[in-house]
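Chains as they are written, first to last, in our numbering: chain A, 1 to 287; chain B, 1001 to 1768.
Among the clues, some could well be false.
Unchecked claim - Listed below are the simulated SDA-like cross-link pairs for lysine to any residue, each with C-alpha atoms no more than 20 Å apart in a straight line: (1) A:LYS189 / B:SER1194; (2) B:LYS1401 / B:HIS1450; (3) A:LYS244 / B:LYS1640; (4) A:LYS189 / B:GLU1765; (5) B:LYS1761 / B:PHE1749; (6) B:LYS1766 / A:SER139; (7) A:LYS189 / B:SER1699; (8) A:LYS189 / B:MET1702; (9) B:LYS1447 / A:ASP265; (10) A:LYS189 / B:LYS1640; (11) B:LYS1304 / B:HIS1450; (12) A:LYS189 / B:GLY1663; (13) B:LYS1017 / B:HIS1450.
Claimed, not checked - Here chain B is said to cover these stretches of chain A; the calculated rule only asks that three of the stretch's residues, wherever they fall, bring their Cβ under 8 Å from a Cβ of chain B: (14) 213–226; (15) 252–264.
These are computed hints drawn from the structure, not numbers from a lab.
Every residue gets a Cβ at the ideal spot worked out from N, C-alpha and C, and that includes glycine.
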Amino acid sequence: MRRFEYHRAETLEEASRLLTDLGDDSFLFAGGTDLLVEIRERLRRVRNVIDVKQIPGLSDITYDETRGLTFGALVTVGRLERLPLVRQRYPNLRAAFASLGSIQVRNRATVVGNICRASPSADTIPPLIADGAFVHIYSRTNMRVIPLAEFFTGPGKSVLAKGEIVTGITVPPAGDNTGKAYIKHGRRKAMELSTVGVAVSLTMEDGVCNDIRIALGAVGATVLRAPEAEAMLRGTTLDAVTVKSAADKAMEECTPISNVRASADYRRDMVGVLTGRAIKQALEAFA
Amino acid sequence: MNMTTPIEKRDFKIVGKSVRRDDVLEKVTGEAQYTGDVKLTGTLHGKIKRAAIAHARIKSIDVSRALAYPGVKAVLTHENVPRVLHYGSPHPRSASCTKDQYILDDKVRFWGEGVAAVAAISEEIADEALDLIEVEYEPLPAVIEPEDAAQPGAPLIHDVGPGGNLVLDPVRVNRGDVEAGFALADFVLEGTFSGGRPHPAYMEPNVCIADWDGSNKLTFWTSTQSSFMVRGILAEVLGLPLTKVRVLVDHMGGGFGAKQDCFQHEFLCALLAKETRRPVKMEFTRHETFVAGRSRHPCKIWLKQGFKNDGTLVARDMKLVYDSGAYGSHGPGVTIVGTTAATSLYRCENVRLEGRCVYTNTPINGAFRGYGVVQSYYALDIQMDEAAERLGMDPAELKLKNVVRAGDIAPSGHPILGHGLEICIQHGVEKIGWKALRERDRTPDPKHPHIRKGWGIGCEMHGSSAYPGIKEQGNATVKVNEDGTVTLLTGAAGLGTGAHTALAQIVAEELGVRFEDVGTVHGDTDVVPWDIGAFASHTTYLVGTAAKMAAGKVRAAVLERAAMKLQVSPGEIDLSEGKVFVVAETDRCMTVAEAMGPSRGIPAANIVANGTYEPTKSYSFAAHFTEVDVDTETGIVEVKRVVPVHDIGRVIHPIAAQGQIEGGIQQGIGHTLTEDYVIDKKTGRSLNAGLVDYKMPLSMDMPDIETVILEAAPDPGGPWGAKGVGEDPIIAIGPSIANAIYDAIGVRFHHYPITPEDILKALREKDA
């Protein structure tokens, strides 16, 4: 492993200042499950590692029926995965969390870290976008809260300015008439990076879908929404024919690439198959 | 797992029982010493600079900046290492390969080949120093695909060998008259088959530590399956007598055949230690185990067979091309074994085979569990299913009709003694209710309409020992200590298979002492008798027999000594469970300790014996019955259940044998469905040299496996009829999966891995 300088920040302000002062090649360190591997495998040039694990207040999880679920930047994937609330109200998040890496990785990795890594194939991002989650961003001059869907600008890239730090995520409350699903597609059942990931969150009223969000992972430069497919589904009963047309539309809306994991054509095909399956799975909440 | 009644009636005390393995406690507590755990004061860390080009001449190497970097102690290039042409795989007592390797050359033959090595006071510094070495290349045209390499006028990778990028002259086998055979045929099947590049991905990456002492003796710890081979080639290349090279290996985290070569890093480690007069450690990253390790030979096969309408096979014509990568390594052995294997499995009197092995500018392929046979039997067994389909016959019946039988000439050229394939097929057919499965209702489950189920059979046979390619020799030394305990000295490596436990069981059984009283010394070439290496599924068969012979000799000596003390003749006494007793008067007895120890002015006994065994070969057999689910929308194939039925002769340790079978199935599922080490066809760069994108199945992906081990066909060449099991399971599982996929969706695949994309594409073509 290449050598790097280790710094420990006691406050957000200190971490932010270090990020600004130390310049490029400086990275925040929470779970480290991506960062340390990337250093070791020489995938990322790192001069400074800034440990944020001692900063107080970033490990909290709260829920209320108006604001929803909020968790801090140090909350691990494993902790959320095991939370009864997540199991009961956010089966889509639960599926994404339980599919990430291995148990050991999930007990160190943070959801916020997975988001900040901004990988188009990150498992936690599609269901959070489908749920309309928000990101809390700290800077030394102000705090801002933006929709997660607006956070990403490209593979590994986000809107974060130098010195800005994501402190947590808020997921809107899960209403009684909502259905949610996340389906991860890969070659094996664990320790897998998604070939394609599809998340669907929808609400039904009197048998009619009045809102639906579809988020597609690993088929574009960032996790994508499928707005035209969603529009085709809103106001319908989500009958098989409509779902099939919308799934076909989602295939047109994605922009996959070919690599060693799968070809672009296969990924596009899977967007069609999994969009249909995810809608079906989300509807099981009403069965 | 169940066992049939042993054929040979004998009251075994230890053999056939799953005794607690001698290494289990230290492994589960983490105390077992692997090569990487060896710590020597003042150890330097070695790293290798690897080429980022597939074929080139080195115009210049500038190491001045690296040498000046603080903490760097030595840098080696082709300009300052001995230039000795050597074998990659120096199998002693055989001469099937061409010497085609230098420690470092002025030519690069594959992307990832080492061009320089650094020793530094830390791994980090050594790693950083690699970037300071400046290499100027003159690029040469690279050939990545064997077809291109074999073209006349293709760029030559080596100037040694038969030429035309061939690793060895084509292997040709002719039996009977193929043209006359085809003339008898009612129909002919012809097809091309191909196999990818699976990689063994053993848990323990290659690692070695070199230390020279004041007498100029090299002590060398390395994770190897063949310590004496490493000793021999290091001594030869470094110009040392064997007394000046000591190779040590204790526990290993796997090898699967690939740790049989003497690797470039092993030479470089020894030379860096010599140069710096300090111990040097070199440990591969996972990336390096791919690019600088050994994988299975990709293979292209053309197979044409003629059949009579009653299912009789009358002619077989087969051409195989194995891709050796940039060096010969095990290419010759793999080509010979994989090609000659196709004389057998299914009987055919008229056979014409041609096997070629071709150099390409890709990472080196080497020995790997199933050694060339995985490829050739994949083709043979799948085409057999196609013939059954054509005949409207049950594939189990067609296979039973044609399977090799006792007395048939084996690929090795001698008649098969223990024959077990027929009974393996019959047993499996009964156990899973094959006939009912063939006639089952094939309507998809309405809850999962996109899932299709299928069942398939795959058959194999595989030899224990590398005879006749290598004339093998197994050795063992057994000593009886004065307290009645016994020490076995063996050169057989412990890859993690439980080999040392099996050997100790054999010694205890033959000698008549308790298993717990046998200790094993292994892995030190200065101490243990010469060993050929752990490969060819032969350790239990070969070294087991040598150990049994040595144990038999010391048993006779112990009986003689006890007879003297009991004042009877040796013929009147017996030895069992550590006690010597008069047969007619069992109360008159003494322990082995009492027999061995000093008494009444007699000094303690010194009883030592050697066993040396030079076998031919035995064959083990298996039929795998496999159930798959094919998702027709995603193309995902899930292996749901496998019933592997193996005949391996006498079973020494049932749980260890079962573990071998399950592990082979896991590896074989990977090779058939998900694993392929991909090399970019234009540049020769590795595209997935790591465990993120090289997809091995994990525990969650494993099917139910119901192992059946039959002891129906013991081979007199092994201890109490024992035969090998190491390689067999990986051979049969592949065709069983491919045949099951056909049963599920009606599409034939002639290659591996069969990916989800392949499935979807084929389904669309079928529907179109």
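Now the hints, each set against the structure:
| no. | hint | verdict |
| --- | --- | --- |
| 1 | A:LYS189 / B:SER1194 | violated, 27 Å |
| 2 | B:LYS1401 / B:HIS1450 | violated, 36 Å |
| 3 | A:LYS244 / B:LYS1640 | violated, 30 Å |
| 4 | A:LYS189 / B:GLU1765 | violated, 28 Å |
| 5 | B:LYS1761 / B:PHE1749 | holds, 11 Å |
| 6 | B:LYS1766 / A:SER139 | violated, 59 Å |
| 7 | A:LYS189 / B:SER1699 | holds, 9 Å |
| 8 | A:LYS189 / B:MET1702 | holds, 10 Å |
| 9 | B:LYS1447 / A:ASP265 | violated, 27 Å |
| 10 | A:LYS189 / B:LYS1640 | holds, 13 Å |
| 11 | B:LYS1304 / B:HIS1450 | violated, 35 Å |
| 12 | A:LYS189 / B:GLY1663 | holds, 18 Å |
| 13 | B:LYS1017 / B:HIS1450 | violated, 46 Å |
| 14 | 213–226 | violated (count 0) |
| 15 | 252–264 | holds (count 4) |
Comparing the model with each earlier hint shows violations of hints 1, 2, 3, 4, 6, 9, 11, 13, 14; every other hint is respected.
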